[in-house]
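There are 2 protein chains.
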Amino acid sequence: MNYINPARQAPVTTADKVFETMQHEIVEGQILAGSKISEPELAKKYQVSRSTLREALNRLEKCHLIERKPNVGSRVVECTVKGLLEIYIVREALEGMACRLAATAMAGTEIAELQAILTIHGEEKQLQDGVAYYQEEGDLDFHYRVIQGSNNLQLINILCGELYHLVRMYRCQFGMNSPRATRAYDEHKAILQAIADRDGELAEMLMRRHIAASRKNIERKLEKDSE
Amino acid sequence: MNYINPARQAPVTTADKVFETMQHEIVEGQILAGSKISEPELAKKYQVSRSTLREALNRLEKCHLIERKPNVGSRVVECTVKGLLEIYIVREALEGMACRLAATAMAGTEIAELQAILTIHGEEKQLQDGVAYYQEEGDLDFHYRVIQGSNNLQLINILCGELYHLVRMYRCQFGMNSPRATRAYDEHKAILQAIADRDGELAEMLMRRHIAASRKNIERKLEKDSE
DNA sequence: TTACGACAAATTGTCGACACATTGACTTTA
DNA sequence: TAAAGTCAATGTGTCGACAATTTGTCGTAA
Numbered sequence: 001m002n003y004i005n006p007a008r009q010a011p012v013t014t015a016d017k018v019f020e021t022m023q024h025e026i027v028e029g030q031i032l033a034g035s036k037i038s039e040p041e042l043a044k045k046y047q048v049s050r051s052t053l054r055e056a057l058n059r060l061e062k063c064h065l066i067e068r069k070p071n072v073g074s075r076v077v078e079c080t081v082k083g084l085l086e087i088y089i090v091r092e093a094l095e096g097m098a099c100r101l102a103a104t105a106m107a108g109t110e111i112a113e114l115q116a117i118l119t120i121h122g123e124e125k126q127l128q129d130g131v132a133y134y135q136e137e138g139d140l141d142f143h144y145r146v147i148q149g150s151n152n153l154q155l156i157n158i159l160c161g162e163l164y165h166l167v168r169m170y171r172c173q174f175g176m177n178s179p180r181a182t183r184a185y186d187e188h189k190a191i192l193q194a195i196a197d198r199d200g201e202l203a204e205m206l207m208r209r210h211i212a213a214s215r216k217n218i219e220r221k222l223e224k225d226s227e
Numbered sequence: 001m002n003y004i005n006p007a008r009q010a011p012v013t014t015a016d017k018v019f020e021t022m023q024h025e026i027v028e029g030q031i032l033a034g035s036k037i038s039e040p041e042l043a044k045k046y047q048v049s050r051s052t053l054r055e056a057l058n059r060l061e062k063c064h065l066i067e068r069k070p071n072v073g074s075r076v077v078e079c080t081v082k083g084l085l086e087i088y089i090v091r092e093a094l095e096g097m098a099c100r101l102a103a104t105a106m107a108g109t110e111i112a113e114l115q116a117i118l119t120i121h122g123e124e125k126q127l128q129d130g131v132a133y134y135q136e137e138g139d140l141d142f143h144y145r146v147i148q149g150s151n152n153l154q155l156i157n158i159l160c161g162e163l164y165h166l167v168r169m170y171r172c173q174f175g176m177n178s179p180r181a182t183r184a185y186d187e188h189k190a191i192l193q194a195i196a197d198r199d200g201e202l203a204e205m206l207m208r209r210h211i212a213a214s215r216k217n218i219e220r221k222l223e224k225d226s227e
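Here the protein sequences come in this chain order: A and B. With the first letter of the first sequence counted as 1, position 49 gets the number 49 in the numbering used here; the numbers rise by one all the way through. With the first letter of the second sequence counted as 1, position 83 gets the number 83 in the numbering used here; the numbers rise by one all the way through.
Quick caveat, the hints were computed from the structure, so don't treat them as lab data. Cβ coordinates follow ideal geometry from the N, Cα and C atoms, glycine included. Take the hints with a grain of salt, since some may be wrong.
[Claimed, not checked] Taking lysine-lysine and the DSS-like style, the derived pairs with C-alpha atoms no more than 25 Å apart in a straight line are: (1) LYS62(B) x LYS69(A); (2) LYS62(B) x LYS62(A); (3) LYS62(B) x LYS17(A); (4) LYS62(B) x LYS82(A); (5) LYS62(A) x LYS36(B).
[Stated by the list, open to error] Residues of chain A placed beyond 12 Å of chain B at every Cβ, according to the derived structure: (6) ALA15; (7) THR21; (8) ILE31; (9) LYS36; (10) SER38; (11) TYR88; (12) ALA112; (13) ALA116; (14) ALA196; (15) LYS221.
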């Protein structure tokens with residue numbers, strides 16, 4: 001499957017390619033979460049030297065997909081419930097702010113474009129009545145565009161560059177296909193309306209509630225599973 | 001000068017030491033902002049191989065202190081006004097959230113400890129009537145402890161690990177010794193009171209206003225300079 | 001004179017080998 | 001038997017050298 005990758009530039013160097021490959025394998029769980037990474041082993045697997053592999057590992061660490069300890073080695077991060085909720089907290093804060101900024105920074109054409117995309121998503125949702133597509137690609141795409149609309153490079157870099165793949169990893173590995181799609185779609189519409197009205201304060205509040213609702217939904221679901 | 005470094009672990013490997021050295025030199029401006037980094041040159045300067053230096057560069061990139069382009073090289077980030085304001089925006093969002101969390105997550109003992117520290121800062125401030133110390137170390141220390149109090153590892157990592165040194169760099173290079181210290185001190189006290197009252201909502205609002213006030217102060221100052 | 005292209009110098013990316021630290025198993029000793 | 005110490009094996013950190021790419025210079029042609 002060919003994922004979109006917001007902040008990516010074409011993989012020019014060998015380390016880039018190894019990085020992308022490993023990224024996909026970690027996100028999709030082919031390299032197991034929590035597992036130890038053996039540099040010699042993976043270097044042989046990808047047919048590159050250890051230096052090149054280590055370069056790739058450095059970028060994976062930048063994406064928070066692996067953790068390194070000096071003189072010990074690297075491990076793939078573990079997908080814990082605590083970690084998932086922590087990311088939602090960070091997203092609530094940052095994407096809320098991004099939304100506030102987008103309300104004043106986004107161009108009218110961008111807003112119109114995003115409205116068109118939302119309409120398409122809505123039709124497709126009803127068409128196939130399948131939640132998966134919307135929840136996966138569509139949701140990410142909406143959030144991605146709002147973040148870009150903030151026009152704040154630090155914000156964009158953190159959300160689209162450093163946290164993006166970790167979010168995808170959690171989505172993949174926890175198998176998130178909750179029945180929140182319809183409600184989420186309506187919330188997206190309301191958020192976009194606030195942006196179109198140039199009401200930054202409201203836009204931020206709605207985005208924060210939107211993300212907080214997802215978080216609480218997960219909390220409920222998980223504590224129900226543990227009963 | 002020996003800076004405190006929140007999220008640091010003792011430098012065990014040589015790359016660690018080179019990283020810390022370069023970090024200080026970049027933050028304090030000895031390595032000029034915006035300047036190009038020559039790997040062979042710096043490797044010779046620090047008496048290490050290029051591999052080790054590149055390892056250090058990778059960590060500097062993680063702190064947003066340098067930027068790399070494939071097949072071209074690394075540059076120290078530039079300190080622009082736009083960049084400074086962008087960081088304040090990110091801090092407003094993240095530290096605001098951290099403060100909200102701290103209001104429920106911080107232990108009573110931690111709060112008491114922080115209150116004691118604030119008192120000391122207040123006395124020292126009046127004692128030497130110098131703004132510099134408080135503004136530099138004390139302010140960073142207060143914010144640092146609140147962030148730690150959030151008990152959210154993602155939040156702590158981003159603020160204390162990735163953005164911390166960039167903030168210090170801006171403070172150093174823009175020479176921030178504004179007369180906001182007294183007001184900032186009072187604001188800190190109010191924030192801490194909200195945390196002690198376990199009022200997360202208020203704590204977040206106060207922290208956001210506190211950081212936003214600093215940002216607006218800088219905006220005023222800078223547009224006054226440009227007149 | 002300007003624009004284009006080839007060449008040379010310098011820099012970055014990649015490689016394989018060595019030095020060092022950690023881990024686990026085994027031996028020794030209380 | 002248990003605890004501590006030793007040693008080997010594995011893996012990470014570091015090094016120097018080679019390969020590939022970029023950049024600036026020079027020369028040629030329009």
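Do the hints match the structure? See the list:
no., hint, in the structure
1, LYS62(B) x LYS69(A), "holds (16 Å)"
2, LYS62(B) x LYS62(A), "holds (6 Å)"
3, LYS62(B) x LYS17(A), "holds (20 Å)"
4, LYS62(B) x LYS82(A), "holds (24 Å)"
5, LYS62(A) x LYS36(B), "holds (22 Å)"
6, ALA15, "violated (9 Å)"
7, THR21, "holds (17 Å)"
8, ILE31, "holds (21 Å)"
9, LYS36, "holds (19 Å)"
10, SER38, "holds (19 Å)"
11, TYR88, "violated (10 Å)"
12, ALA112, "holds (26 Å)"
13, ALA116, "holds (28 Å)"
14, ALA196, "holds (22 Å)"
15, LYS221, "holds (21 Å)"
When each numbered hint is compared with the structure, violations occur for hints 6, 11.
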